[in-house]
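Trainee: All chains should be built: construct the whole structure from the sequences, respecting the hints.
Residue numbers (this note's numbering), protein chains in the order written: chain A, 15 to 228; chain W, 15 to 228.
Hint data in this document are derived by calculation from the structure and do not stem from the laboratory.
Pairs count within a copy or across copies, as identical chains cannot be separated in the list.
Below, in silico cross-link-like pairs of lysine to any residue (SDA-like), each with a Cα-Cα straight-line distance of 25 Å or less:
#, residue 1, residue 2
1, Lys20, Gly181
2, Lys40, Thr221
3, Lys20, Ser105
4, Lys40, Glu93
5, Lys20, Thr104
6, Lys40, Ala228
7, Lys20, Ile106
8, Lys138, Ala153
9, Lys20, Val74
10, Lys138, Asp168
11, Lys138, Asp156
12, Lys138, Met159
13, Lys20, Glu107
14, Lys138, Ala160
15, Lys40, Gly78
Computed from a predicted model, the values in this text were never measured in an experiment.
Number of protein chains: 2
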Amino acid sequence: MNADLKLYQSNGSPNSRRVRIFLAEKGITVTQVPIDLGAREQFADAYAAINPRRVVPTLVLEDGTAIGEVPAIMRYLDEAFPETPLLGSTSIEKALIQMWERRMELEGFAPVMETVRNRAAGLKDRAIAGPHGYAQIPALVDRGMARVRDFYADLEARLGEQPFVAGSAFSAADITAFVTIDFATNALQFGIPDTDVAILRWYEALTTRESFSA
Amino acid sequence: MNADLKLYQSNGSPNSRRVRIFLAEKGITVTQVPIDLGAREQFADAYAAINPRRVVPTLVLEDGTAIGEVPAIMRYLDEAFPETPLLGSTSIEKALIQMWERRMELEGFAPVMETVRNRAAGLKDRAIAGPHGYAQIPALVDRGMARVRDFYADLEARLGEQPFVAGSAFSAADITAFVTIDFATNALQFGIPDTDVAILRWYEALTTRESFSA
Numbered sequence: 015m016n017a018d019l020k021l022y023q024s025n026g027s028p029n030s031r032r033v034r035i036f037l038a039e040k041g042i043t044v045t046q047v048p049i050d051l052g053a054r055e056q057f058a059d060a061y062a063a064i065n066p067r068r069v070v071p072t073l074v075l076e077d078g079t080a081i082g083e084v085p086a087i088m089r090y091l092d093e094a095f096p097e098t099p100l101l102g103s104t105s106i107e108k109a110l111i112q113m114w115e116r117r118m119e120l121e122g123f124a125p126v127m128e129t130v131r132n133r134a135a136g137l138k139d140r141a142i143a144g145p146h147g148y149a150q151i152p153a154l155v156d157r158g159m160a161r162v163r164d165f166y167a168d169l170e171a172r173l174g175e176q177p178f179v180a181g182s183a184f185s186a187a188d189i190t191a192f193v194t195i196d197f198a199t200n201a202l203q204f205g206i207p208d209t210d211v212a213i214l215r216w217y218e219a220l221t222t223r224e225s226f227s228a
Numbered sequence: 015m016n017a018d019l020k021l022y023q024s025n026g027s028p029n030s031r032r033v034r035i036f037l038a039e040k041g042i043t044v045t046q047v048p049i050d051l052g053a054r055e056q057f058a059d060a061y062a063a064i065n066p067r068r069v070v071p072t073l074v075l076e077d078g079t080a081i082g083e084v085p086a087i088m089r090y091l092d093e094a095f096p097e098t099p100l101l102g103s104t105s106i107e108k109a110l111i112q113m114w115e116r117r118m119e120l121e122g123f124a125p126v127m128e129t130v131r132n133r134a135a136g137l138k139d140r141a142i143a144g145p146h147g148y149a150q151i152p153a154l155v156d157r158g159m160a161r162v163r164d165f166y167a168d169l170e171a172r173l174g175e176q177p178f179v180a181g182s183a184f185s186a187a188d189i190t191a192f193v194t195i196d197f198a199t200n201a202l203q204f205g206i207p208d209t210d211v212a213i214l215r216w217y218e219a220l221t222t223r224e225s226f227s228a
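Mentor: Take a look at the structure:
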């Protein structure tokens, strides 16, 4: 399906990747507009006009509406293209998938991001993404690693009970968890612990999906 | 409207208040089950079985389904009781309200919470809500206050352009912003700056709604 949508994104951005996989799973093709984070293009006036928070990704609709924040972009796509729902079909499914997707973000994705941003030499006064500069706090690096350890332990318990993060079916919660793990592996050299057999089984199965190369 | 729902909550919890106001705006009456955070009742086995993250609030449905995380609870209520939608009616409205509600949370509510939890004497090893204990980091208190200042400045700019946080209509984003401000005022003694005339005008108007005493 070709939609008249533009996704402002960066190939190296894990938040962008959450949306790219979501689109691929739904079979929606959009126009990708690259934003060069290395060249600080997200702070240029042209991009700030589209996303005042100056973060990627942003989805821009045909009428010019700009949608920022990954869960809001996912929400739009699942509402406007209801085939292959990734956020659930019934009221209960929608609530539980949103709950689990959020937990993966708050307990996994956000701690990995916080650790990376508080230790990267190039982000000294950019410890939080967005329009405001905040100095790094070194103590957040150790705490972040502890939180990632707890994330793996909790996810192992969950996937020992259910085949997918939100329960019996694949959903957006799996996408966020998977991107979190690749991000932790690549940016923190903190991959899935060998003993986490349930996570390893689930991860292997997801890598066979074509969308996960997006 | 009387729904056969139970809300496990605490009167002093700002996250619980977000849901109480949401319910009142929609005119839904639920059974409230108080959880005594002062007595650490959220860590008791009975509550952990309902919400493994051990945080309030949790919405429990007639069939026993337990929904945690405020935005997920709001989602369920707006789907199951579509009258008086607070998360939008069209795909675009739903996405933009979710985006703005999330920004109020990430840029306002979360920094206030982080500041409170990292300085309260009674929360030394409980700097993050949830099942895992993390030590306080004093540097987060100063940074948190700076973030709350930036939140007020950004909200003043937004409400100078639009009557409500998400645009022309009242929505869940206003509830989260309002609860954030009361929380900052009461817990950090950081109320709306006198010069923020747009926020003051909006805040005054919201206090006249009956739901905001919930």
